[in-house]
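Participant: The chain contents come next:
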Amino acid sequence: MTLLALVALPFVGAILVALLGERLAPSRFISLAAALAEAALAGVAIADMSGRIVPSLSWAPGGILGMVPLSLALDGLSAPLVALTALLAVVATLASWGIADRPRAHHALLLALEGAVMCVFLAADLVLFYVAWEAVLIPMYFLIGLWGHENRKHAATKFFLFTFVGSAFMLIGVLAAISGTGATVLSDVPRVLTPSTQRLVFWLMAAGMLVKLPAFPVHTWLPEAHVEAPTAGSIMLAGVLLKMGGYGLMRVAAPLCPAAFAEAAPILFALGAIGTVYGALAALAQTDLKRLVAYSSVAHMGFVLVALATGTAMGFAAAMLVMVSHGLVAGLAFFLVGSLADRTHTRHIAELRGLGGSVPRWSTLFVFTSLASLGLPALSGFPGELMSVLEAFKAFEWWSVAAVAGVLLAATYNLRAVRAVVYGEPVERWASLADVSVREMLAAAPLVLGIVVLGVWPGVVTAMTEPAVATIVQLVQGGVR
Amino acid sequence: MTAQSAGLALAIALMLAGAIGAVLLKEVMRVMIALGAFLFGVAAMYAYLGYSFLAIAQVFVYVGGVLVLMVFAVMTARRADGERPAIVSRHDVGSAAVAAGVGAMLFLSLRTAFGDTSVPVSRSASDLASELLGPRLVAFEAAGVFLLAALVAVAVILKGGEER
Amino acid sequence: MTSFLLGALWGVVGVVVIAGGAVIGVWWERKVAGRIQLRYGPQQIGPAGSLQMLADVPKLLFKEDVVPSGADKPLFKYAPLVVFAPVAAAIAVIPFAKGWAMFDTAVGVLFFLAVPSIEVVAILVAAWAQRNTYSALGGLRAASQMIAYEVPRALSVAPLVLLAGSLRPTDLVAAWRWWWVPLLALAFLIYLISSIAEMNRGPFDLPEAESELVAGYFADYSGMRWAIFMMAEYGAIITTSLFAAATFLGAGWPFDGALGVVALIVKAAALVTLVMWTKWTLPRIRQDQLLRFCWTVLVPAALVQLAIVGVVLPWL
Amino acid sequence: MIALAVACALFSLGLYAVLSRRDIIGVLVGVEIMLGAGSVLLASLGAASGASSGSVQAIGVMVLLLAAAEAAVGLSLLLSLYRTSGRSRVDELSEVSG
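First to last, the protein sequences are chains A, B, C and D. Going by our numbering, the first sequence opens with residue 32, and the numbers climb by one from there. Going by our numbering, the second sequence opens with residue 134, and the numbers climb by one from there. Going by our numbering, the third sequence opens with residue -3, and the numbers climb by one from there. Going by our numbering, the fourth sequence opens with residue 3, and the numbers climb by one from there.
Derived by calculation from the structure, the hints in this document are not laboratory data. Where a beta carbon is used, it is the ideal one built from N, C-alpha and C, also for glycine. Honestly, I wouldn't trust all of these hints.
[Unchecked claim] Non-contacting residues of chain B with respect to chain C, defined by C-beta distances greater than 10 Å in every case (computed):
(1) LEU149
(2) ALA150
(3) GLY154
(4) GLY197
(5) GLY198
(6) LEU200
(7) VAL204
(8) VAL207
(9) VAL221
(10) ARG223
(11) VAL226
(12) GLY227
(13) ALA230
(14) GLY234
(15) ALA237
(16) ARG244
[As the list claims (entries may be wrong)] Calculated lysine to aspartate or glutamate pairs in the DMTMM-like style (CA-CA distance at most 25 Å, straight line):
(17) B:LYS159 to D:ASP25
(18) B:LYS159 to C:ASP68
(19) C:LYS275 to C:ASP52
[Unchecked claim] Only some residues are given here: those of chain C computed to face chain B with a beta carbon under 7 Å:
(20) VAL11
(21) SER113
(22) VAL116
(23) LEU120
(24) TRP124
(25) LEU188
So here's chain A without its partners, still in its complex pose (with noise of 0.2 Å):
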């Protein structure tokens, strides 16, 4: 029943905030109150988990398609973004105060918006899964389309086709494998895929995943459409709509189809690790400093497909260590980002100069993004990075080598942006510039702590999905099933 309640409170919030929230005052307060509601009963509802899947709730269920796909499940592999989504919720919902446009209707797709994502994670049938998958685009659509920059719509129908496309081929991969199973269910599965229907649902599968993610040749989408989102949005579709990409491929399509999934590895290994680099060397050559963080968005993600492909214990941890890490520490530098282009307007590297000076605390919170972005050790970034470069190292040995260059280009790009933009001469034009409002500190603090600590003590997260990945990756590693 929490778990019901988990997917239902935000959509009750937002129904709540588009009755009420005719004026900004009420609509701001309702969703913070709803964001803060769920990020509580997130609390709960993990404190309580039992470890496996067990769906707490389904309706008559039946042969193939033989009930209406309600069940739920929170297990070790959900946990932490569930955690993930319901914190930076509360931080997109703080980030979004000052929106003075269409109040309402931009609170009420926040909400639907994190409560469709929590759907994706809670999801313990396939159809549930798919529709929720689906459901999470069109109020990121919108979120795009209406509050963004100036090329919001040329970006959200960048965004809309290549999801689009994407997930005509997750619906059919969806329907094999519920006819190669015969069932719907996630956790209980009568029959076994045989290995060419294996490789047919797992890429079918993949390619709306890997355009999620988003991988290597299919990122095009990912820079515009972060460039272009309202703050709110670029903190939700970096910190949380990237996860569901390495949530489906260990949740759905590696425990489906294991055999296929082993056999995929070296090619998601070469798109991972391409991504890892490439995605380093284009953040270096940006100018915008929002198209910055979106490129290292594309780098991370890379570490995540690299982790994942080497189909062991530790490998799956790290990917969700990765994503973890990935989600707050883009959350908060997009958070950064957006304050200061509110304040500047502009997000030119070469124009924002100096800014040590003029805005310290901003300053001093950017200064520690970048580090946790680069692998510091002991913030978040480090233990998932060098996990999965080690663990890529023991399964493709020196192909490894790529994954390495990406952590040290992430050093090279993410200190030229702070040498840019917090070091030098301090410029007159931002001299007067307002520095992080105590609303804005109150925003940052859970996730610089949330950094902290899973940097000094990685275990809170592997320890929680270390149960859950055992079973996938015995069957992955088995081959068969």
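With chain A held as given, fit chains B, C and D onto it using these hints.
Facilitator: Okay, now just chains B, C and D, sitting in the frame of chain A:
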């Protein structure tokens, strides 16, 4: 040929002819008509399989909603430039091969899963109303509300576009 | 095979009924309009001009089939047929007597409501095919209006479905009680208004507004193809009125059997006259008024009616 | 089996349109066909497996409504894109700037 198989043949012919037309034709309004035939064929297929509610929902939502919106888009967007509107495509063997390959793979893999069931005969839909008015109504209504919200928001976007 | 042939037979019957009804409807509209404007209307051919259409139909048939040079020929030629076909199809689910319709299906009500969707596409295509600014404008107006008014129209039928607990039109007839009339008076009114808007007739005839758009979405049509548009319009009046008479007004009540069918037709004819009366007495409204009226008056009112029925339902 | 073959053929056709069309509307038509193929697969699968008619239709309608809502949103975005820029080619969307 029985009435049953005649219905199936009609549905399949509509779907295939419509899809081929929508993919290959150049004139944009004819593409839309072909797409309409395809969507209608899908509805006919549903009806043939005994899913009459789904068939009508298909006509309602796709033919009456999506297709009209597409034709709308074509009519308001394309007339301005004065030239005869055409959808440009780059017909290369590569994309045809990829598409055909994916389709063939799909068929070969799913054939085993599908088993040797031939196309099932249409069944009665008499239990439908009670089933739909039962507990499933909730999920169903939620989806409907979702669609309505999306359509309202569409109107908002379009209005925003006009003001610019 | 027999069922297939039977379906085809009923299809032919439906088209003939609609076409015949349309011919009578045109004559009747001219008489009604004449009375309202203090003149006689047609009166030369046959008693009270009743054979006027027998003279008009051959004229239309023999007129030259003009296709504008810029038009998209195949689309121009066949779009009118697609405008007409769904109207003729709608008659199939109308319950003419207790337990009898040409095509008695479990989702007949939805079928009846969904059919105009196809007409919208056909109207847009016809409007586009003429390559004429007036017709394009008329087509866009027609489509936006028809899509918008589909919502209150469907909502106004929903209370009937709730009360009868079925989507089968014959079930609606079977479940009908006389007190539905006062209970559903609001829904009936909404159904009538939104149906009039749905068929693009006055006072909602903006898509074919003669004074601004010539003849709107069929400006460049003439002869028999023009007549098909007219047949579609009158066919829509007839099916709408028949459906309302059968479901809201209790079909053949208080009679049964053949007399019941007569009663149904009389009720429907009265509704047809009401629709015509509306057109000839009310002025045309503006586009913004049209859409605002739909969303701010009709839809909320329909929801209120639905809520009332929802509250009453458990007590019945 | 016929239904499966038809669905696969439709999927191929839609994919071909997505790959070959240069115009966003053309691509969108292709995706619609791919999704339609998916729905045909869903329906024939449901019918072949003997699942209850109501549940297949409930799932079918949910998929249908979602896809339609997405298509509607995408089209409205596209429409306002046309109005503001007058461009519609896919290639123009893929340019990398900045």
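Participant: Each hint needs a verdict: does it hold in this structure or not?
Facilitator: Going down the list of hints, with the structure as the test:
1. LEU149: holds (20 Å)
2. ALA150: At roughly 15 Å from the nearest Cβ of chain C, B:ALA150 sits farther out than 10 Å, so the non-interface label holds.
3. GLY154: About 12 Å separates B:GLY154 from the closest Cβ of chain C, which puts it past 10 Å; holds.
4. GLY197: violated (2 Å)
5. GLY198: Per Cβ check, B:GLY198 is inside 10 Å of chain C; nearest 8 Å; violated.
6. LEU200: violated (6 Å)
7. VAL204: violated (5 Å)
8. VAL207: violated (8 Å)
9. VAL221: The claim stands: B:VAL221 keeps its Cβ more than 10 Å from every Cβ of chain C (closest is about 19 Å).
10. ARG223: holds (25 Å)
11. VAL226: holds (30 Å)
12. GLY227: holds (32 Å)
13. ALA230: Answer for B:ALA230: holds, closest chain C Cβ roughly 32 Å.
14. GLY234: holds (34 Å)
15. ALA237: holds (33 Å)
16. ARG244: holds (31 Å)
17. B:LYS159 to D:ASP25: Judged against 25 Å, a Cα distance of about 11 Å means the pair holds.
18. B:LYS159 to C:ASP68: The hint holds at about 13 Å.
19. C:LYS275 to C:ASP52: Measuring from Cα to Cα gives roughly 22 Å; hence the hint holds.
20. VAL11: violated (19 Å)
21. SER113: holds (2 Å)
22. VAL116: Result: holds, 5 Å to nearest chain B Cβ.
23. LEU120: holds (5 Å)
24. TRP124: With a minimum Cβ separation of about 5 Å from chain B (threshold 7 Å), the hint on C:TRP124 holds.
25. LEU188: violated (21 Å)
When the structure is compared with the earlier hints, violations turn up for hints 4, 5, 6, 7, 8, 20, 25 and for no others.
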